[in-house]
Amino acid sequence: MYRKYVNGEITAMQSYIIVISIMIGTGILGLSRIVSQISRQDAWISVMINGIVISLVMACMIYTVRKYPKDNFLQFTSKILTRPIGYLLTIIYIAYAVIATGIIIRFLLEMVRTWLLHKTPMWVLSFLVVITIIYMVKNGLTVVARFNEVLFFTLFFFFLLILVAIPELELVNLQPVGGSGIVNILKGTLPSFYAFGGYEVILVYYTYISDKEKPILKYSVLSVLGVTAFYTITVIAQIALFGPDELERVLYPSMNYLRAVDFPVFERMELFFTVFWCFTVIGTVGLQFLAACILSKMLFKTKTTHVFTYIYAPLIFIISLYPKNTAHLVELSDYVSYLNILFGFVLPILLFVLTLIKGGNKSNAKNR
Amino acid sequence: MPSFSNSNSNHKDERLSKKVSENHQQLKDIFHNSNDIIFREITIHEKRKERLILLIFTDGLVDSTEVNQSIIKPLNSFSVFNEDTKHIKEITIDNVVNIINSNEISKIYTLDEVIQGILSGDTIMLMEGFDTALKLNSKGWASRAVEEPTVETVVRGSRDGFTENIRNNTAMIRRKIKDPNLIIQELTIGSKTNTFVALVYMENITDKELLISVKEKLSSIRIDGIFESGFIEQFFEQSHFSPFPQMQITERPDKACANLLEGRIVIIIDGAPQVLLIPTTFHQLFQSPEDYNERFLYGNLIRILRYIGFFIATSLPSIYVALVSFHVQMIPSALLVDLSKTRAQVPFPPVIEAILMEVTIELLREASARLPGTIGQTIGIVGAIVIGDAAVRANIASPAMVIVVAITAIGSYVLPHYSTSYALRSIRFPMIIMAASFGAFGIIITWTWIIIHLCSLSSFGYPYISPVAPINFSGFKDTIFRATLPKLKKQAKRNRK
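Protein chains in written order, with my numbering: chain C, -4 to 363; chain V, 2 to 498.
No lab work stands behind these hints, which were simulated from the structure alone. Please read these numbers as outputs of a predicted model, since none were measured by experiment. Beta carbons: idealized from backbone N, C-alpha and C, even for Gly. Hints are not guaranteed to be accurate.
Claimed, not checked - Quick list of in silico lysine-lysine cross-link-like pairs, BS3-like style, CA-CA up to 30 angstroms: (1) C:114 - V:193; (2) C:207 - V:108; (3) V:478 - C:209; (4) C:213 - V:478; (5) V:108 - V:140; (6) V:209 - C:209; (7) V:218 - C:298; (8) V:218 - V:193; (9) C:209 - V:216.
To be verified - If you only want the chain C side, here are some residues facing chain V, beta carbon under 7 angstroms, derived: (10) 4; (11) 106; (12) 112; (13) 123; (14) 129; (15) 130; (16) 131; (17) 134; (18) 142.
Construct the complete structure from the given sequences, taking the supplied hints into account.
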């Protein structure tokens, strides 16, 4: 047991938790509103379909990276897609991860400003968060993974909070099931994609899993399906409570959802939600930021990641302060979600297909 | 104060002389005629000649009756006997062993060993014509009797505690674990104090790599003197600035033994009733032997209570400050009315009030901890009157604040491990300030820092907050909750494989 936990490596269990906690982040706040704008009362079906598709993508990703257990992201993309493209992808991924980190931090700050601190200047809050993130990320993957592992236990509480309003739900709001049409349901999957985003970090982190003999494929897919179930239940509950028409006018349905219920001792239950949510988002931010640092380490072939932590931190600080207001922020996050689709959908599928073809070639070569 | 000069003994490897008088003179010079070093000369009559024997020991470190009865008496009576009959042949350093009634005799050859022996309470025997000396065990100094541990008391459990005498302490462990796999290795640390340090472990359970690393670290310690296990703790710990103790200390033999069986290493320092247990985890700070002595249900309830106590002791004042200064809307309206009524009379902002009261409590705690028992109680009464009543009447603190501070203080006493309370205090004050500046968000950030810190901490390579992170499902049987004893036993067996 001694020194089993080498610094910089993670266990298979931690990789599942990483997948879960990076997916549950900022997306949950507005998920049901965004999706139900398109697919109305059937938003939950869109979310479910999206989740199932993502679990397939996840399976493809793990299948691909399993073929290259010794290679990191830069190496296997270079092997599959030639070196220049590998480097290009790594650079784009670094940019994507850094920008996404800044954007998520800004979402966090918006929430803090809305619900906890109304007057504190944004840059002070951002400074606090960035310092915290530096502290978390500078010690490498092991600490970030463990942090998320600790927070994983608070997710159960999270889940309970989502279920509190069950007595108030009106299932009539969900009917007619499938009434918005298959086209709308499928269209609705696209906006819900961002809520699931982030799982693509497994491409970066897979090489650091110390016990790769575990059934990682199975459990990673199960993790995605678990998150899908969680999101689907959340969306069902929120649609059932508000109905699709009212939902459109609620900015953060997950928050207002909790206001609908009266608790005996505590008032303003949504503030408790905010507190737990903040922890989760800080974990997500750490994972996203570390991906940028680790990729930079691969790119510049340095020994440690903490140099990049300090280099990127001011950048993230600036990005988090860049959006002028919430609307601007949402607009920017839409651009990020295009990159998200590139890394979360297009790239994994491309890698998977190419690996299938190349893998066939390799075995043929051996046979000859 | 510990000093770190590297002046070792100058007599290393110097051999003894064959002449007793030379050795006598040299030792006298070395000890600068100290009064408590006794040189006792005995003359033994052999067949044709007399032979001089010199006994050297430290008065007070040896058991006088033991020296008189078992060493001097046999020698003298042999001498008398020999004069009468004159038929015993020559006496040598080898056959003198048959005359002396000592339970532990060893041959030593260098001056350095002689000095060590004398200073550790052994009696050294030098004989004319031999350059070898005999070290006879005659240790027997005054020591405290085995008493109930004062810091770690339990309601249900054994009442014996470690004492300052290392021999007693190892014996107490040996008495509880009657297994040849229990290894007790002794070494000396401290170039001036030459303190005995015992490394105790279970040969078949303890991890070999851990053992090697502990031994390496122990032998690499360079210091003039150690007087307490805390010295070794500070040499061993990974993070000096961490508020959390990375090693556990205990005064209880039963706790030490239980930890030995779990594969931990116990380090006993001569002269200190506290022994070190390594490695340790965060969750061990919340465990007491009583959890296992008491029935399953109560044991678990007490443990949950301790975690709640930990949370209260770290965060309650900051939560109060955050609620009152930032998130008034979270307080139930019925409570809010009364709260604001009392708050309105207090001239200070909540943060000043909180820090004022907390500092007072800390002062009280320090004062009563260092004072003798009876005066300590008086301090307690003074504190109760000053804090509880007068402060409220003088409108310096609101009654709610007093309640919060009191609960906080009580919460920090729930933890069985005293060193943890330092951790609680050093977390509490920064958190109050963060809560006063950023409200609930300040508390979130502070807790994030604490969790990150806990995640990066390790004790001898073992993750500090294991089994929570990294998750180890079998470890959960004894973390926040403990399984029933039969189940715990099953787990222990599996771990040994």
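Going down the list of hints, with the structure as the test:
Only pairs whose Cα atoms come within 30 angstroms are accepted, and residue 114 of chain C paired with residue 193 of chain V is rejected, the gap being roughly 62 angstroms. The straight-line distance between the Cα atoms of residue 207 of chain C and residue 108 of chain V is roughly 58 angstroms, outside the 30 angstroms bound, and the hint therefore fails. Distance restraint check for residue 478 of chain V and residue 209 of chain C: the Cα-Cα separation of roughly 22 angstroms lies within the 30 angstroms cut-off, and the hinted pair is therefore satisfied. Between the alpha carbons of residue 213 of chain C and residue 478 of chain V the distance comes to roughly 26 angstroms, so the proposed pair stays at or under 30 angstroms and holds.
Distance restraint check for residue 108 of chain V and residue 140 of chain V: the Cα-Cα separation of roughly 17 angstroms lies within the 30 angstroms cut-off, and the hinted pair is therefore satisfied. A threshold of 30 angstroms between alpha carbons decides the hint, and for residue 209 of chain V with residue 209 of chain C the separation of about 27 angstroms falls inside it, so the pair holds. Annotation: proposed proximity of residue 218 of chain V to residue 298 of chain C holds, straight-line Cα distance about 27 angstroms (limit 30 angstroms). With a C-alpha separation of about 19 angstroms, the suggested pair residue 218 of chain V and residue 193 of chain V falls inside the 30 angstroms cut-off, and the hint holds.
For a cut-off of 30 angstroms, the pair hint linking residue 209 of chain C to residue 216 of chain V is broken: about 35 angstroms separates their Cα positions. The criterion of a C-beta within 7 angstroms of any C-beta in chain V is not met by residue 4 of chain C, whose closest approach is roughly 10 angstroms, and the hint is violated. Because the beta carbon of residue 106 of chain C sits about 10 angstroms from the nearest beta carbon in chain V, more than 7 angstroms, this interface hint is broken. A least Cβ separation of about 6 angstroms between residue 112 of chain C and chain V falls short of the 7 angstroms threshold, and the interface hint therefore holds.
The beta carbon of residue 123 of chain C comes within 5 angstroms of a beta carbon in chain V, closer than 7 angstroms, and the hint placing it at the interface holds. Restraint check, residue 129 of chain C versus chain V: the minimum CB separation of about 10 angstroms is more than 7 angstroms; hint violated. The interface hint given for residue 130 of chain C holds, since its Cβ lies 6 angstroms from the closest Cβ of chain V, which is under the 7 angstroms cut-off. Nearest Cβ of chain V to the Cβ of residue 131 of chain C: about 5 angstroms, under the 7 angstroms cut. The hint holds.
Residue-level restraint check for residue 134 of chain C holds (minimum Cβ-Cβ distance to chain V is 5 angstroms; threshold 7 angstroms). With its C-beta approaching chain V no nearer than about 5 angstroms, residue 142 of chain C sits inside the 7 angstroms limit, and its interface hint holds.
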